[in-house]
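Generate the whole structure from the sequences, applying the supplied hints.
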Amino acid sequence: MRVIGTGAVLAIALAQPAWADIGRIKLASGAASIERDGKLLSVKPGFVIETGDTLIIGARGKAGATFIDNTRLSAGPGTRMTFRSFDYNDTTQKGRFVSFLKKGAVAIISGRIARNDPQAMRVETPKNIYVIRRARVVLNVK
Amino acid sequence: MMRRTALGWLAAPLLMAGCAMSQVAIDPREDGDAGSVAVLNAAGTELAVIDKAGAVANVSGGSASIQVMGSAAFDAKYADLLAGLPAAPRTFVLYFKENSIEPTEESQALMAEIFAEIKRRAGADLEITGHTDTVGSEEVNDAFSLRRAAEVTSYLFSQGLDKTIVRIAGRGERELREQTSDDTPSAINRRVEVTVR
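Protein chains in written order, with the numbering used here: chain A, 759 to 900; chain B, -12 to 184.
Just so you know, the hints here were simulated from the structure itself, not pulled from any lab data.
Treat the hints with caution; some may be incorrect.
[What the hints assert, rightly or not] No more than 25 Å apart at the CA atoms, straight line, and that leaves these computed lysine to aspartate or glutamate pairs for DMTMM-like:
id, chain 1, residue 1, chain 2, residue 2
1, B, Lys106, A, Glu808
2, B, Lys106, B, Glu126
3, A, Lys900, B, Asp62
4, A, Lys852, B, Asp62
5, A, Lys852, B, Glu162
6, B, Lys106, B, Asp149
7, A, Lys802, B, Asp170
8, A, Lys802, B, Asp18
9, A, Lys900, B, Glu33
10, A, Lys900, B, Asp67
11, A, Lys885, B, Asp38
12, A, Lys861, A, Glu793
13, A, Lys861, B, Asp38
14, B, Lys84, B, Glu126
15, B, Lys150, A, Asp848
16, A, Lys797, A, Asp845
17, B, Lys39, A, Glu808
18, B, Lys84, B, Asp170
19, A, Lys900, B, Asp38
20, B, Lys64, B, Asp18
21, A, Lys860, B, Glu33
22, A, Lys860, A, Asp848
23, B, Lys64, A, Glu808
24, A, Lys852, B, Glu126
25, B, Lys39, A, Glu882
26, B, Lys84, B, Glu165
27, B, Lys150, A, Asp845
[Claimed, not checked] Not close to chain A: a few residues of chain B, all C-beta gaps over 12 Å, as computed:
id, residue
28, Met8
29, Ile37
30, Val55
31, Thr78
32, Tyr82
33, Glu93
34, Gln95
35, Ala96
36, Leu97
37, Glu100
38, Thr151
39, Arg164
40, Glu165
Think of the CB as a built atom: it goes at the ideal place given N, C-alpha and C, for glycine as much as any other residue.
Put into structure tokens, the structure is as follows:
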């Protein structure tokens, strides 16, 4: 067994700061933004999503994102969705993902969080809660 | 009488609009195990579960009505939304020499492919996850798998990989590609998976 190289130690250290990320925007068009700490930030591919962010899509906009557990999301026009809590352990690949879809429509392909714990992925809406268990679904709040 | 009926028709959509109706649907094209979605009320009580391709629940607070939607109806409503889903993550598997963090020659050649895949995707990010075989203790393998991942990461950084798009992890012996008993060397299980999202 070789002793770990200094390059590898550096790699671990450098890869750490990015670990606040919960996902990234992969596509965006029209008015698509993230509300964070009261500020509205317009998004483009590569934009880093953090816990507590609210995705806000304009009347003609849309956006797609992939989360760090491989959950994929597409948000349609007029959507407002907050990523309330996101815990994910890279080693066990278990965690919990709770979001709030206030209005609009999203398509979701669940990722490892849902696959590894059938109770762990929840989308709350103003009147109901959806528990997504490893599925490809559309959610629509009027 | 007529007036009251007309008023009723006008009022119905307005009342529904104030109700925060929601709909959940499983993609009708899912085959085999379509997964499932549980519908709960705000207090957390389960109202319904849908678990078939094309199953739809129309939900308003305390009640859920279940129906089935065919592909045509589903697409008419949601085709644009589905088209906006990002591409599925793609995983590259790199293999290692026994007891070593040295990738095999074939695996070294695969590194260029990884860069090409990153270029193809807007806003790409990477997950670099190390795995071991079952030789050694779980704790040692957790650490060793992380080292393997770090070694690959370090190599990719030296080749110009953007440092801000990488997460690394060690899965130890939790996810064997080839099921073996404990303390069994396996070239297939000694690997690093690079997932490009």
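Hint by hint, here is what the structure shows:
no. : hint                   : result
1   : B:Lys106 with A:Glu808 : holds (24 Å)
2   : B:Lys106 with B:Glu126 : violated (36 Å)
3   : A:Lys900 with B:Asp62  : holds (18 Å)
4   : A:Lys852 with B:Asp62  : violated (33 Å)
5   : A:Lys852 with B:Glu162 : holds (13 Å)
6   : B:Lys106 with B:Asp149 : holds (11 Å)
7   : A:Lys802 with B:Asp170 : violated (47 Å)
8   : A:Lys802 with B:Asp18  : violated (33 Å)
9   : A:Lys900 with B:Glu33  : holds (21 Å)
10  : A:Lys900 with B:Asp67  : holds (17 Å)
11  : A:Lys885 with B:Asp38  : holds (21 Å)
12  : A:Lys861 with A:Glu793 : holds (15 Å)
13  : A:Lys861 with B:Asp38  : holds (24 Å)
14  : B:Lys84 with B:Glu126  : holds (20 Å)
15  : B:Lys150 with A:Asp848 : holds (18 Å)
16  : A:Lys797 with A:Asp845 : holds (24 Å)
17  : B:Lys39 with A:Glu808  : violated (33 Å)
18  : B:Lys84 with B:Asp170  : holds (16 Å)
19  : A:Lys900 with B:Asp38  : holds (23 Å)
20  : B:Lys64 with B:Asp18   : holds (20 Å)
21  : A:Lys860 with B:Glu33  : holds (20 Å)
22  : A:Lys860 with A:Asp848 : violated (29 Å)
23  : B:Lys64 with A:Glu808  : violated (30 Å)
24  : A:Lys852 with B:Glu126 : holds (18 Å)
25  : B:Lys39 with A:Glu882  : holds (21 Å)
26  : B:Lys84 with B:Glu165  : holds (16 Å)
27  : B:Lys150 with A:Asp845 : holds (23 Å)
28  : Met8                   : violated (5 Å)
29  : Ile37                  : violated (9 Å)
30  : Val55                  : holds (14 Å)
31  : Thr78                  : violated (10 Å)
32  : Tyr82                  : holds (16 Å)
33  : Glu93                  : holds (20 Å)
34  : Gln95                  : holds (15 Å)
35  : Ala96                  : holds (20 Å)
36  : Leu97                  : holds (18 Å)
37  : Glu100                 : holds (20 Å)
38  : Thr151                 : violated (6 Å)
39  : Arg164                 : holds (15 Å)
40  : Glu165                 : holds (19 Å)
Hints 2, 4, 7, 8, 17, 22, 23, 28, 29, 31 and 38 from the list above are not met by this structure, while the remaining hints are.
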